[in-house]
Amino acid sequence: MKGVNGLKAVKNDLYILSGKSFIKATADKKLTTIVELPQGGDGLEPIGNGDFIATSWGGYIYYVYADGRFETLLDTHLEKINTADIGYDAKKRIVYVPTFYGKRVAAYALK
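Everything in the sequence shown is counted per our numbering, starting at 1 for the first residue and increasing by one.
Note that these hints are calculated values from the structure, not bench results. Watch out, some of these pointers could steer you wrong.
[Stated by the list, open to error] Under the rule of at most 27 Å between Cα atoms (straight-line distance), these lysine-lysine pairs were calculated in the DSS-like manner:
#, residue 1, residue 2
1, K111, K8
2, K8, K24
3, K80, K30
4, K20, K8
5, K80, K103
6, K80, K24
7, K103, K91
8, K111, K92
9, K30, K91
10, K111, K91
11, K11, K24
12, K29, K80
13, K29, K11
14, K20, K111
15, K80, K20
16, K2, K111
17, K8, K29
18, K91, K8
19, K11, K80
20, K11, K30
21, K30, K2
22, K92, K103
23, K2, K29
24, K24, K2
25, K20, K30
26, K24, K91
27, K20, K2
28, K11, K91
29, K8, K30
30, K103, K11
31, K103, K8
[Said to hold, decoys possible] Computed beta-carbon distance windows for the label pairs:
#, residue 1, residue 2, range
32, L110, G68, 13 to 21 Å
33, L78, K30, 38 to 46 Å
34, G87, G50, 18 to 26 Å
35, L78, T26, 35 to 43 Å
36, F100, T33, 26 to 34 Å
37, R104, G3, 24 to 32 Å
38, G3, K92, 25 to 33 Å
39, T26, N49, 13 to 21 Å
40, K30, A107, 31 to 39 Å
Predicted model, so just to flag it, every value in this text is computed and none were measured. For glycine and all other residues, C-beta sits at the position ideal for the given N, C-alpha and C.
Build the full structure now, drawing on both the sequences and the hints.
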């Protein structure tokens, strides 16, 4: 794998952001590419039902569905607001995103 950044263990599986690839690694070492994202990945958080929130350093936040579909939730690349690692409060369904150079943490509620 090339450019591994985001990693998240869920039960016996490891989810990996490697370059633009979002990959699932099982305990028996089987690798499955879930989706190819438009930008290289950085932060990764599971949000339930096999879905994930993924970020890209350039300022993108993606909602990745368990079936491999994805949608762009936020694009701040023109404003040069980078997105890095993220946190997720499952109870409140809030994604926390440090803006890195912006020196703040943005919070977004998932509906």
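Here's how the hints hold up against the structure:
1. K111 / K8: holds, 22 Å
2. K8 / K24: holds, 10 Å
3. K80 / K30: It is violated: about 37 Å lies between the C-alpha atoms, which goes past 27 Å.
4. K20 / K8: holds, 16 Å
5. K80 / K103: Within the cut-off at roughly 12 Å; holds.
6. K80 / K24: Between K80 and K24 the Cα gap is close to 30 Å, so the pair fails against 27 Å, i.e. violated.
7. K103 / K91: With a Cα-Cα distance of about 26 Å, the restraint between K103 and K91 holds, given a limit of 27 Å.
8. K111 / K92: holds, 10 Å
9. K30 / K91: violated, 31 Å
10. K111 / K91: Answer holds: K111 to K91 is near 12 Å, not above 27 Å.
11. K11 / K24: At roughly 12 Å apart (the allowed maximum being 27 Å), K24 and K11 satisfy the hint.
12. K29 / K80: At roughly 38 Å apart (the allowed maximum being 27 Å), K80 and K29 break the hint.
13. K29 / K11: The given pair, whose Cα atoms are some 14 Å apart, holds under the 27 Å limit.
14. K20 / K111: holds, 26 Å
15. K80 / K20: holds, 20 Å
16. K2 / K111: Status violated; Cα separation ~34 Å.
17. K8 / K29: Given that 27 Å is the threshold and the Cα spacing comes to 15 Å, the pair holds.
18. K91 / K8: holds, 19 Å
19. K11 / K80: violated, 35 Å
20. K11 / K30: Holds, because 15 Å separates the two Cα atoms, which is no more than 27 Å.
21. K30 / K2: holds, 17 Å
22. K92 / K103: holds, 23 Å
23. K2 / K29: Answer holds: K2 to K29 is near 17 Å, not above 27 Å.
24. K24 / K2: Between K24 and K2 the Cα gap is close to 15 Å, so the pair holds against 27 Å.
25. K20 / K30: holds, 19 Å
26. K24 / K91: Holds, at roughly 25 Å.
27. K20 / K2: holds, 10 Å
28. K11 / K91: holds, 19 Å
29. K8 / K30: Distance ~16 Å between K8 and K30 Cα, so the pair holds.
30. K103 / K11: violated, 33 Å
31. K103 / K8: Distance of about 25 Å is within 27 Å: holds.
32. L110 / G68: 13 to 21 Å: Check passed, 19 Å falls within 13 to 21 Å.
33. L78 / K30: 38 to 46 Å: The hint (38 to 46 Å, Cβ to Cβ) holds, given that L78 and K30 are roughly 39 Å apart.
34. G87 / G50: 18 to 26 Å: With a Cβ separation near 20 Å, G87 and G50 satisfy 18 to 26 Å, so the hint holds.
35. L78 / T26: 35 to 43 Å: The hint (35 to 43 Å, Cβ to Cβ) holds, given that L78 and T26 are roughly 38 Å apart.
36. F100 / T33: 26 to 34 Å: Since the Cβ atoms of F100 and T33 sit about 27 Å apart, the hinted range of 26 to 34 Å holds.
37. R104 / G3: 24 to 32 Å: The hinted range 24 to 32 Å holds for R104 and G3, with Cβ atoms some 27 Å apart.
38. G3 / K92: 25 to 33 Å: holds, 32 Å
39. T26 / N49: 13 to 21 Å: holds, 18 Å
40. K30 / A107: 31 to 39 Å: holds, 36 Å
In summary, the numbered hints that this structure violates are 3, 6, 9, 12, 16, 19 and 30.
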